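A.B. asks: First to last, the sequence lines map onto chains A and B. With full-length UniProt numbering applied, the first sequence corresponds to residues 1 to 367, in that order. With full-length UniProt numbering applied, the second sequence corresponds to residues 1 to 390, in that order.
A few of these clues could be false.
[Stated by the list, open to error] Residues from chain B that keep clear of chain A, each with C-beta distances beyond 12 Å, as calculated: (1) R54; (2) G90; (3) A170; (4) Y209; (5) A271.
[What the hints assert, rightly or not] Label-pair restraints from in silico Cβ distances: (6) A/L9 / B/V329: 47 to 57 Å; (7) A/P138 / B/T229: 54 to 64 Å; (8) B/G188 / A/D200: 29 to 39 Å; (9) A/D200 / B/T229: 38 to 48 Å.
It is worth saying that the hints were derived from the structure and are not from the lab. Computed from a predicted structure; not experimentally measured. Think of the CB as a built atom: it goes at the ideal place given N, C-alpha and C, for glycine as much as any other residue.
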Amino acid sequence: MTHPAAPPLTLSGVYFDGRTSRDRAATLEVSGDTLVLRAEGGLEARWPTGQVSIDPPIPGIRRVLKFQGGARFETADDAGVSALEARLGRNRGLGRVRRLEARWGTALGAVALMILFAWGFVAFGLPALARTAAKATPRSVLATFDRETVELLEGQDYVGPSRLSAARQAQLQRVFRRVTSRVGGGYPYRLLLRDGDAPDAPFALGANAFALPGGTVVMTDQLVRLSRDDRELAGVLAHEAGHVTHRHTLAGVYQGLGLSLLTVAVTGDLISAGTFAAAVPAALLRNGYSRVAETESDDLAGRHLLREYGTTKPLRDLLARLETEDRGADENDVQEGSRVEDLLQTHPGTAQRIRHLREMEEQAKAR
Amino acid sequence: MTERPDATSSPPIPPGPPAQEPPRVVAEVADPPAAPTVTTHPLSFTGQAGEYFRIWILNLALTVVTLGLFLPWARVRQRQYFYGHTWLDGQNFEYTASPLALLRGYLIVGAFFLTYTLATNLQFQGWEIVAGVIGLLFVVLYPWLVMKSLRFLAVSTTHRGLRFRHHGRAGGAYTAYGLANIAAGVSGGLALPWAWFMQRRYQVENTAYGSARAKFRGDVGDFYVIGLTGLAVAIGGGLLLAVPVIGVLVGLGFLENFNVDGDVTTAGVIAGIAALYVALLALYGIAWQYVRAATLRYVLNRIEVGGVVRTAATFSPWRLVWIGVTNTVAQVLTLGLATPWAAIRRTRYIASGVQVRAIHSLDSFAADVTPDENALGEAATELLDINLGF
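Use the sequences and the hints to build the structure in full.
C.D. replies: Below you can see the structure in the form of structure tokens.
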């Protein structure tokens, strides 16, 4: 009787004593600090309100009040129990959750939030995390990556031994050393010249060059043959050195790892078939470097070419030849794609890269 | 103690709570009346897709904004919704696990899981040891985790104020989930149905409602029939799909000049092969879903509780497969947003095909008093996707 403001409250429902499965029709009366339960069969019990525990509300389900010893009272009178909760100050947090759950407005808001969050995380959060993790990875770990990858490439016959003459190979190694001493950032560089069209390869690499995280750069004979002079190859090698110094490959690995972890987390709630659908964007995103990474590496290569030769044309021409697979092609043979096409690409188009390199040159001359 | 011979060849009884749940039970009955009358209580499910969608999406959003810390609360609320909307003889079930207990389990298991993933993916120095120890720990502890999980799930389920219990012991778990799985592996799958049998029997026979123990009246042979039916579906369907496609490809000679690059026919062949691959994956999924559905129905038809209650299932396994397939399609097409609808739809269909038959009132069971369980096992089964069957 301590709260004159709170009128007595009566709830009707079912009582279980916790010792048998017998249900008894019952009423629960709340007056002041006491709960009085009267059940079928003349049973009457009292508890102080402090001892009762009230289960948080779940939409559409009877409310449950639990007492010591496993006894419980269940009632469909949600309003009554909510009033009691308010009076006793119970379940504030989950009561609020219930009110949010009851509205379509908040549900739609939650949908929008999830979409926004998912997009934001995949588009910005994950790459940023991957870049940070890549920068923080010690160099000793990078060497392991290189060793394992080269073993895989050679063990599975993706590449064959180079067919270039020893003299030509030595010359290319000199070009590579010069490039890496200028723009290499002190990594333990190594150039592997390999045949990209090995007879037993599962697929032909063709004219190609790529950088592994620790400073190993693989360049194929086919790319060497596609070039017209070593300035072009210097441009490519500087570009690959850019991937190394910016740790793009490693960031890509981390991003793929994050995506697969995310996929598991998300599809854990779906059924296994959902995993398949989620794997598709993961594979797409994992493929190759991002636009940002290519542009960063092109910047480095462009600066190197400008410093050494005063022009970015060698790299532009080689890019054009890679795009058209035509040994006679030059930068003017590559057409700009449509804007929509560009937006859809995770990878910058060749035309865009050529234009970027040309702009670098024009800016350098204007200065 | 009443072991009553079942004079009536009537179907069995007890229940099946939400989809993957242990069976329910009965109590001791004092003096058996002369002619037992069988009462059938259908199970019913009253959850609504729209209502559950709001709970699901909001709890998902709260989990995301709290960086996962809300996850145990979300899981508990979602499960409470399903249990609470499952009714038997005028009373509903209740899921009573404490989110805080689950959180502790999640954090422990999550830390191991993360370490293992990082070790295998990053291969930092000494990763073999770290991953090896965690992997070995998991293999060795797996049956124990299953046991803990079953015990926790049972003790967290309440009906009519009485809890379910699972009295499984480690010995039985290591036989049913350790030995049996190893046997299934080394026998190339021949012992797999036997392993299913051992696992279902372990699950059912150790379950109790209050103080009434459940009994499993199933037989190994029937599991072989289910397994072979699933296999036949997979092989038969695979042949039906693959033969015409390969025939067409060979007939048109596409396979021979497969290496001609860049032209349209090559793209067509690749698309055809990809489609075939997806179709075969789907077929495998269908066969597996059939095995699960048929097993669930079979087991529900062979549970007896306390000698006075039996469960019966009348749903069709093939209908359940159909629901599973269409649910998956809907979920993929809606990027997961149809998940709540799919879950409600499946549970409603299963519940509508489950009955409990009793020769005694369901209010005559008595409680069992034993110590509580911790939540580590259940957290492990959720995070690591251990399949408890059904």
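A.B. asks: Give a verdict on every hint.
C.D. replies: Quick rundown of the hints versus the structure:
1. For B/R54, the condition that its CB be more than 12 Å from all CB atoms of chain A is violated, with the nearest at approximately 4 Å.
2. The beta carbon of B/G90 is not kept farther than 12 Å from every beta carbon of chain A, the shortest such distance being approximately 8 Å.
3. Consistency note on B/A170: stated as away from chain A, and its beta-carbon is indeed over 12 Å from all of that chain's, at 27 Å minimum.
4. Taking the minimum C-beta to C-beta distance to chain A, about 8 Å, the non-interface status of B/Y209 is violated against the 12 Å cut.
5. Annotated as non-interface, B/A271 keeps its C-beta farther than 12 Å from every C-beta of chain A; the closest such distance is 15 Å.
6. For A/L9 and B/V329, the hinted distance range of 47 to 57 Å is satisfied, since their beta carbons lie about 50 Å from each other.
7. In this structure the hint that A/P138 and B/T229 lie 54 to 64 Å apart at CB holds, the actual value being about 55 Å.
8. For B/G188 and A/D200, the Cβ-Cβ distance of about 32 Å falls inside the hinted range of 29 to 39 Å, so the restraint holds.
9. Checking the proposed 38 to 48 Å range against A/D200 and B/T229 shows it holds: the Cβ atoms sit about 44 Å from each other.
Going down the numbered hints, you'll see the structure goes against 1, 2 and 4, while the others check out.
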